[in-house]
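Working from the sequences, and respecting the hints, build out all of it.
The primary structure of each chain is shown beneath.
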Amino acid sequence: MAALQSLNLDGKEYNPVSMDLHHQISQHYFLEARMLQNRQYREWLENLVAKDIHYWIPIFENRYSKDKRPEPTPDDPAIYNDNYDELKQRVERLYTGQVWMEDPPSRIRYLITNVEAFQTADNSDEFMVYCNFAIIRHRQLLERTEHVGGREDRLRRTDDGFQLARRKINMDARVTVDKNTYFFA
Amino acid sequence: MNDMDQLVDIENSTQSKKIFLDQDIYEQEQERIFGRCWLFLAHESLIPKAGDFMTTTMGEDPVIVVRQKDGSTKAFINSCTHRGNKVCSAESGNARSFVCNYHGWVFGSDGSLIDVPLNERCYHGTIDKSTHGLPGIRVESYRGFLFGCFDQDAPPLDEFLGDFGWYLDTWMVGAGGGVELIGPAMKSILNCNWKVPAENFVGDAYHVGWTHAAALEVLGGELAGLAGNQADMPYDDLGLQFTTRFGHGFGVIRHAAASIHVKREGYDKFLRDTLPAVAENLGQARADLYDGHWNCTTFPNCSFLYGTNTFKVWHPRGPGQIEVWTYTIVHKDMDEETKKEIVKQAIRSFGTAGTLESDDGDNMTNCTHTNQGRMTRKGRMDATMGIRHEGHHPVYPGIVGSSFIGETSYRGFYRFYKEAMSAESWGDIRAQDNHWDEAWKDNGFWEAKAGKGE
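Protein sequence lines correspond, in order, to chains A and B. Each step along the first sequence adds one to the number in the working numbering, with nothing skipped, and position 108 is 108. Each step along the second sequence adds one to the number in the working numbering, with nothing skipped, and position 412 is 1412.
For the record, the hints were derived by calculation from the structure and aren't laboratory data. Check before you lean on any hint, since a few could be wrong.
Claimed, not checked - Cut-off 20 Å, straight-line C-alpha distance, at most; resulting in silico cross-link-like pairs (DMTMM-like, lysine to aspartate or glutamate):
id, chain 1, residue 1, chain 2, residue 2
1, B, LYS1263, A, GLU86
2, B, LYS1049, A, GLU61
3, B, LYS1263, B, GLU1341
4, B, LYS1086, A, ASP85
5, B, LYS1263, A, GLU92
6, B, LYS1187, A, ASP76
7, B, LYS1340, A, GLU71
8, B, LYS1187, A, ASP160
9, B, LYS1263, A, ASP75
10, B, LYS1332, A, ASP75
11, B, LYS1187, A, ASP172
12, B, LYS1340, A, GLU86
13, B, LYS1418, B, ASP1433
14, B, LYS1269, B, GLU1217
15, A, LYS68, B, GLU1091
16, B, LYS1263, A, ASP85
17, B, LYS1340, A, GLU92
18, B, LYS1263, A, ASP76
19, B, LYS1340, A, GLU61
20, B, LYS1086, A, GLU71
21, A, LYS88, B, GLU1341
22, B, LYS1340, B, GLU1323
23, A, LYS88, B, GLU1217
24, B, LYS1418, B, ASP1428
25, B, LYS1263, A, ASP52
In structure tokens form, the structure reads like this:
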């Protein structure tokens, strides 16, 4: 059973974290969701995001199964491909008071599920965490959009709690059905 | 037929609000604009090798574009000649043939019908394969940009682009090396009429300072002064606006090419290094525009920002919806690092999560759907900014407006829109070749401006 619960990646096996740690990590993800829901973007960035973050939403194409072209890398065009300063700029834009589309503000709900966490190495403070999300945004009176996907995170334990060091977001929809994707998945 | 005189008033530069949300008008557009004009398909760099294909749409018609063995490009309708199913569902790839999922008809990469299962046994040999190929579409390339056209009577692509092509050459081939598009495209649905973003890109520098105030404030750079329209700026000295024969138009903000890009050293250097070659190859008039920022629309639905380097196609999906495709333009001669940085910066500003793109959605949608209201749609829209501050220019072809913030190219866009919607055929349109610019004839604006020593 252990083999099934571990993660096999590029020929290496990664063990799941302890139940206690899994609980702490899950709680951290719910905290993060709550912060984003409350539009506490500055607090989120400052406290929950590591300075060496790579925050990435690749673009994929619908191709035939036999098409062997490689998966996208951070060198390819990407919807988000941000470092810390670039994320900060996106956050700060939301505080200018001039983002007319966010006034009246949209309501954005994060449903975070299927949290799986793995040790990167024995005694390491970095973990590989996978989870699924459904992000539902209500805007104006009747606008409702939904973004479903999965995160592949690198989470780091620090003295001040967990921090996000890498996040790859796999959006399931090829064609975005929304006016923009200017939110933090 | 719709009353085009009522819908578009050229003299007073107003349009009926009905043009954004009316099924009959949309149907007529599909027939007379999308069925007639050259429509952007792909860039050659996206399908470099024999058998490389892309699927796209022209209007709402599904199309496959395929690189042939001889290096040429063919395009055909992506719908089986048997019962109409799509024969290709992938967005891109490399294929020797396309097999319909429904009954297994096989089409070659040139669109010809190669195989029909049970042709002998059950059709008894009655299917004539030579008349059942996928319907072909005219394809021509301008500087590597592939366009398709359904109308055999349309002028060749380079004539259709006309003076607009003369301007595009400034950066498409000015320094010699040419440009290419980087994909895959971002794709998104926006509930707006296709003309709203098309007119926005053709000539709306006006909205930049207000709609995008937040982004300009955070990004800084040369355009930050536009934020909130607060600064007292000499707008007439900062740029120009242009419109040409078949509705293509653009505006230029001088010396502001990469101003939206936060990281831009490589791009700035490239522009500086290549500027002398543009002057040498094409002359000073175009070299003067080379390091400017351009907002452009190729009539009807292909728009781009040279400088920011985002490249958009507004695929119509009914009167109230479009599918937006977004690529990035780079110069082929740039080093790989500079290309990568430009792709990143262009998407950062005008991708689906772009710092500027994210401001536009409500404007586009609401300009369209407020016209669901019966009384609202009886109203008119105004595009008079800079009217009569424009005309034939002593140096630049087409019609030139005195400021990059103005609606000269709106007027040109809707002038040709009306002409195309009214015409029975390309013959009618070509008959106007010597009269299209009557609205601006001999108004002497630029001569008077020169006389005043401005």
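Which earlier hints can't be squared with this structure? 4, 8, 14, 17, 20 and 22
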